[in-house]
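In the UniProt record's numbering, the protein residues as written are 1 to 554.
Don't read these hints as lab results, they were simulated from the structure. Hints may contain errors.
As the list claims (entries may be wrong) - Label-pair ranges, simulated between beta-carbon atoms:
1) Arg332 <-> Pro2: 17 to 27 angstroms
2) Gly534 <-> Ala487: 22 to 32 angstroms
3) Ala155 <-> Gln106: 19 to 29 angstroms
4) Ala416 <-> Leu305: 18 to 28 angstroms
5) Arg332 <-> Pro133: 41 to 51 angstroms
In this text, all values refer to a predicted model and were calculated from it rather than measured experimentally. Backbone N, C-alpha and C fix where the C-beta goes; we use that ideal spot for every residue, glycine too.
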Amino acid sequence: MPDVLTADDARHWALLTRAALAARRTELDDLNVFPVPDGDTGTNLYLTLDGALETVADSLGATAPADLVEECRRLRRAILVSARGNSGVILSQVVGGLCDVVEERQARTVDAALLAVCLVRGAAAARAGVGHPREGTILTVADAAAAAARKTADAGGGLAEVSAAAVTAARGALAGTPDQLAELADAGVVDAGGAGCLLLLESLHRVVTGAWTQDDPGTLDPARVGDRDEWHRPATSGAREPEARNHGASAGDALAEPDHLPAHGGPAYEVMYLLTVTDAGAVDVLRARLDALGDSLLVVGGPRLWNVHVHVDDPGAAVEAGIAAGVPERIRITHLPSQVAGRAAGGRVGVVVGSPGPGVASLVEEAGGVPVDLGADRPGASGRVLAAARATGAREVVVLPGDPAGLEAAEVAARAAGDEGLALHVVPAVAVVQSLAALAVLDPARTVGEVVDAMTSAAGSSRYGAVTPSADGVVGTALGEVVPTGAGAEVAARAVLERLLSAGGELVTLVAGSGAGRGLADRVADALSRERPGVEVVVLDGGQPDSLLLLGVE
Numbered sequence: 001m002p003d004v005l006t007a008d009d010a011r012h013w014a015l016l017t018r019a020a021l022a023a024r025r026t027e028l029d030d031l032n033v034f035p036v037p038d039g040d041t042g043t044n045l046y047l048t049l050d051g052a053l054e055t056v057a058d059s060l061g062a063t064a065p066a067d068l069v070e071e072c073r074r075l076r077r078a079i080l081v082s083a084r085g086n087s088g089v090i091l092s093q094v095v096g097g098l099c100d101v102v103e104e105r106q107a108r109t110v111d112a113a114l115l116a117v118c119l120v121r122g123a124a125a126a127r128a129g130v131g132h133p134r135e136g137t138i139l140t141v142a143d144a145a146a147a148a149a150r151k152t153a154d155a156g157g158g159l160a161e162v163s164a165a166a167v168t169a170a171r172g173a174l175a176g177t178p179d180q181l182a183e184l185a186d187a188g189v190v191d192a193g194g195a196g197c198l199l200l201l202e203s204l205h206r207v208v209t210g211a212w213t214q215d216d217p218g219t220l221d222p223a224r225v226g227d228r229d230e231w232h233r234p235a236t237s238g239a240r241e242p243e244a245r246n247h248g249a250s251a252g253d254a255l256a257e258p259d260h261l262p263a264h265g266g267p268a269y270e271v272m273y274l275l276t277v278t279d280a281g282a283v284d285v286l287r288a289r290l291d292a293l294g295d296s297l298l299v300v301g302g303p304r305l306w307n308v309h310v311h312v313d314d315p316g317a318a319v320e321a322g323i324a325a326g327v328p329e330r331i332r333i334t335h336l337p338s339q340v341a342g343r344a345a346g347g348r349v350g351v352v353v354g355s356p357g358p359g360v361a362s363l364v365e366e367a368g369g370v371p372v373d374l375g376a377d378r379p380g381a382s383g384r385v386l387a388a389a390r391a392t393g394a395r396e397v398v399v400l401p402g403d404p405a406g407l408e409a410a411e412v413a414a415r416a417a418g419d420e421g422l423a424l425h426v427v428p429a430v431a432v433v434q435s436l437a438a439l440a441v442l443d444p445a446r447t448v449g450e451v452v453d454a455m456t457s458a459a460g461s462s463r464y465g466a467v468t469p470s471a472d473g474v475v476g477t478a479l480g481e482v483v484p485t486g487a488g489a490e491v492a493a494r495a496v497l498e499r500l501l502s503a504g505g506e507l508v509t510l511v512a513g514s515g516a517g518r519g520l521a522d523r524v525a526d527a528l529s530r531e532r533p534g535v536e537v538v539v540l541d542g543g544q545p546d547s548l549l550l551l552g553v554e
């Protein structure tokens with residue numbers, strides 16, 4: 001076994017940790033009940049490290065020789081900038097503390113004694129950055145690992161002994177976190193951030209010894225990895241065990257059990273931003289102002305660049321405090337209750353549906369989807385798609401746009417979603433009736449691939465039309481083409497249906513707009529039932545303002 005860690009070993013450690021976080025990302029998300037049960041700890045830890053490593057690799061170039069000091073210097077800044085969420089910011093401090101020691105000592109290798117110093121510095125930096133530290137968190141796990149590493153190094157232990165001591169202590173501390181935080185005990189889980197810290201240390205031990213800490217050869221294969229039983233225990237206070245233990249449950253099962261997750265009772269918004277300051281005293285003032293506004297406060301970094309994280313009810317005041325202290329950028333505001341509600345809705349696949357009217361939105365919500373207004377007269381449609389995707393609480397989200405402009409906005413959102421750990425799958429539904437047809441085949445128990453295939457097939461099998469007001473009266477369209485009609489909305493609707501039914505059809509859906517009310521749809525439905533008694537007709541109140549009637553044929 002090696003006596004020291006080299007620059008190549010450090011690279012291996014970083015990459016192995018990233019792989020471990022990727023493999024355990026969903027499980028860590030499902031462990032996440034503190035400080036907010038929004039199910040994003042695993043995603044935030046992974047994206048924090050992944051973004052930092054990508055930045056360092058890009059800045060050095062693919063062929064750069066390994067240089068421990070230079071890479072630690074770059075990683076320290078990169079991970080501060082890429083940090084996401086409460087857990088990501090704390091991880092940035094753990095890693096930043098390790099890097100600080102290497103840079104200060106200009107260390108080209110790390111022996112057992114220096115590794116212990118690094119772990120102690122990382123744990124201390126993480127704790128120092130938290131406004132009000134709580135035990136039973138990643139801080140507890142990092143402290144235990146650091147103390148054990150230092151004790152072993154002081155006793156003359158080698159690199160493998162120090163890394164083993166850190167892992168053993170971290171496991172013990174992690175197992176005890178439910179005894180320190182009631183929220184964890186109630187949910188029957190260990191702390192998610194602490195579990196992420198353990199993966200960091202286990203990856204280190206594997207680099208040092210060449211042996212993984214579990215017998216499972218698929219530990220780093222997300223397709224084969226299983227839940228770690230030691231991260232779960234029987235829940236207390238009537239709370240049911242978290243979703244990680246019941247991946248086969250349907251969305252309906254989860255919705256039927258309101259105690260599936262703890263309710264969110266804290267501040268409503270998470271605010272994060274990077275802050276550049278020139279006056280060190282301004283940071284102390286900022287901490288005090290933010291501390292008075294909310295909780296989960298972290299202000300880390302320095303001396304010029306800082307990462308700020310806080311949960312507040314007044315996000316504007318939190319941003320204004322940053323402006324008073326320096327120059328904030330990359331401002332991110334997240335509505336926490338929406339995240340919690342979306343997660344509690346359960347299901348492995350979320351669905352976002354373009355909903356042009358209140359009636360359509362209600363139909364979408366009843367079916368388990370999240371409605372979003374993609375109106376062409378409102379800017380920022382792609383941003384609204386992203387916000388709706390976050391509100392599902394799922395990492396895999398199907399988007400049903402419902403119109404051509406919405407399709408373009410959804411595709412833009414899908415490209416941006418990867419930066420947040422979301423995978424958006426856009427089904428090319430260009431009409432509301434196509435979206436409703438696709439939504440009707442949603443089966444939360446299926447995989448995302450199966451859901452996308454089923455929805456794409458359903459949308460593609462639905463022919464669509466519309467009757468819209470115009471300067472000359474009304475216009476009827478079928479599959480996007482104008483249909484010659486006589487005067488009046490009812491005549492136009494019947495002409496559109498004739499075109500759509502020319503290729504056959506068993507089910508007709510009529511979605512009434514706000515301009516015509518239910519009367520037009522009912523009259524068209526009655527006439528169709530008389531003329532084609534073998535065709536089933538469904539009338540829905542959509543409330544869409546831009547069309548008198550939307551028509552679909554399946």
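Hints, verified against the model:
As the Cβ distance of Arg332 to Pro2 is approximately 41 angstroms, the hint placing it in 17 to 27 angstroms is violated. For the pair Gly534 and Ala487, the supplied restraint of 22 to 32 angstroms holds, since their beta-carbon distance comes to about 29 angstroms. The beta-carbon spacing between Ala155 and Gln106, approximately 27 angstroms, falls within the hinted interval of 19 to 29 angstroms. At about 24 angstroms, the CB distance of Ala416 to Leu305 agrees with the hint of 18 to 28 angstroms.
The hinted window of 41 to 51 angstroms between Arg332 and Pro133 is violated, with their beta carbons roughly 23 angstroms apart.
In this structure, the earlier hints numbered 1, 5 are contradicted, and the remaining ones agree with it.
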